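> Chains as they are written, first to last, in numbering that gives the first Met the number 0: chain A, 0 to 113; chain B, 0 to 265.
Derived from the structure by calculation, the hints contain no laboratory data.
Remember, it's a predicted structure, so these values are computed and weren't measured experimentally.
Be a bit skeptical, because a hint or two may be false.
[Unchecked claim] The following label-pair restraints were derived from C-beta to C-beta distances: (1) A/72 to B/117: 25 to 35 angstroms; (2) A/30 to B/67: 24 to 34 angstroms; (3) B/238 to A/65: 14 to 24 angstroms; (4) A/75 to B/231: 23 to 33 angstroms; (5) B/235 to A/20: 20 to 30 angstroms; (6) A/106 to B/167: 53 to 63 angstroms; (7) A/16 to B/250: 20 to 30 angstroms; (8) A/1 to B/157: 33 to 43 angstroms; (9) B/238 to A/71: 15 to 25 angstroms; (10) B/214 to A/108: 25 to 35 angstroms; (11) B/162 to A/103: 53 to 63 angstroms; (12) B/211 to A/75: 16 to 26 angstroms; (13) A/16 to B/159: 51 to 61 angstroms.
Backbone N, C-alpha and C fix where the C-beta goes; we use that ideal spot for every residue, glycine too.
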Amino acid sequence: MSQALLASLGISLALTLVFETGFFLLTGKRDKKDLLLEVLVNILTNPLVVLLYWLTVLRWEVNSVIIVPLEVFAVLTEGFYYRKYGLNFKHPYLFSLAANAFSFGAGLLIEWLI
Amino acid sequence: MKTLKRSFIFASICFLLLPSLALSADVIIEPENEFYEQHKSEIVYLDRSFIANGKDGFASVKKAPGSKEETGRLQNGEKTYIQYSCLYNGDYWGYSLVLRGWIQTDQLLVLYDYVAFEEEHFDELYLYKGDYEKIKENRSAIAWPWPGADAPLWTIEDIDTEHFSVTYDYTDEQGREWGFITNFTGSRNVWVCLSEPLNRDIPVFNPAPEPTKWVTETKHTDINASGDPMLWLIITLVAAVVVGTAVLIRVFWKPNKPVQGGEVDG
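Construct all of the structure, not just a fragment, from the sequences and the given hints.
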């Protein structure tokens, strides 16, 4: 289990960073400090969300709907950080929601393609 | 011309793949099971048949050992083939390929088979030193589940004696020699009577006893995720990453001053 979890943590974080950084650039943002903040905020939330998902769904067999509150947690946390520390986030929570939706959707698409 | 070239390449690939297709007949089918995938290294190949003997009249089939989710039931007396076993939280579980799930082995009884015969007669087994004279004569032999079994299984036809060999030998009280075949042209883990290869009427001298409780001879590693030190290490690492990142942001980023309306204008 541990090896699979470790792989899942690594792959999820790598893909999230790629997608959310891509989303950041697609929205026309160029501030390096904001980009670094975005990367750090994802490093803060993604491993936690993936770990909690694994432990709840696979270990304790909680229904996979648990992903919804976990994603809400990620959106709110990231939004909070963008609002508190970001320089060019006009709508931090909306940005966080859109970036997470983009990343989640891209993840689903990859899973479907594989 | 291009199509012809492609067809030729395709045919060549098919031709090259033929030996691997033949070999795949001997490959052990791995279950499509999440628990199996996660704990493959601690799961032991079993290859034995069992009957259900649960306290409630059935044996519960679960998607994973220790799981609450029941995916099926095997009524008492019904038979199933258990391909793999594992030890989970102090209990032994077996994976049924047909039922696609795990059954706790204390709800099962193992049927007498070649493994049980080998365990019982281990000291009487020896290496064969003969030349398969009768097999060469007949080029076929009747397969038996074990020497002296109630009934034969099938006939192994067209035996190529160049490649035929037995893993070990057993001589019964009447002096008949029996050879154990691990795998020969699809016949796996069967016995043949080397002295009378085509005699289907060999008197039963070792009838199958009643199914019994299964006791493993193989060492199993207990799979217990809560006691998995690696899992605790991962949890600690994730916690350290989260706290470390939060501290990093707090130290290197200056908080914005609150703006009327709650949002920051960049």
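> Compare the structure with each hint and give your call.
Checked hints:
1. Taken as a hint, the range 25 to 35 angstroms is violated for the pair residue 72 of chain A and residue 117 of chain B, whose Cβ atoms sit roughly 56 angstroms apart.
2. Between residue 30 of chain A and residue 67 of chain B the CB atoms are about 49 angstroms apart, so this pair departs from the stated range of 24 to 34 angstroms.
3. Remark: the range hint 14 to 24 angstroms for residue 238 of chain B to residue 65 of chain A is upheld by a beta-carbon distance near 19 angstroms.
4. Restraint check, residue 75 of chain A to residue 231 of chain B: a C-beta distance of roughly 28 angstroms satisfies the suggested window 23 to 33 angstroms.
5. A hinted range of 20 to 30 angstroms for the beta carbons of residue 235 of chain B and residue 20 of chain A is consistent with their spacing of about 27 angstroms.
6. Distance hint check: the CB atoms of residue 106 of chain A and residue 167 of chain B are about 54 angstroms apart, consistent with the given range 53 to 63 angstroms.
7. Judged by the Cβ atoms, the range 20 to 30 angstroms given for residue 16 of chain A and residue 250 of chain B holds: they are separated by roughly 21 angstroms.
8. For the pair residue 1 of chain A and residue 157 of chain B, the supplied restraint of 33 to 43 angstroms is violated, since their beta-carbon distance comes to about 50 angstroms.
9. About 21 angstroms separates the C-beta atoms of residue 238 of chain B and residue 71 of chain A, a value consistent with the hinted range of 15 to 25 angstroms.
10. For residue 214 of chain B paired with residue 108 of chain A, a C-beta distance near 50 angstroms fails the hint of 25 to 35 angstroms.
11. The hinted window of 53 to 63 angstroms between residue 162 of chain B and residue 103 of chain A holds, with their beta carbons roughly 56 angstroms apart.
12. Against the hinted window of 16 to 26 angstroms, the Cβ-Cβ separation of residue 211 of chain B and residue 75 of chain A comes to about 59 angstroms, which falls outside the hint.
13. At about 59 angstroms, the CB distance of residue 16 of chain A to residue 159 of chain B agrees with the hint of 51 to 61 angstroms.
In terms of the numbered hints stated before, the structure departs from hints 1, 2, 8, 10, 12, listed from lowest to highest.
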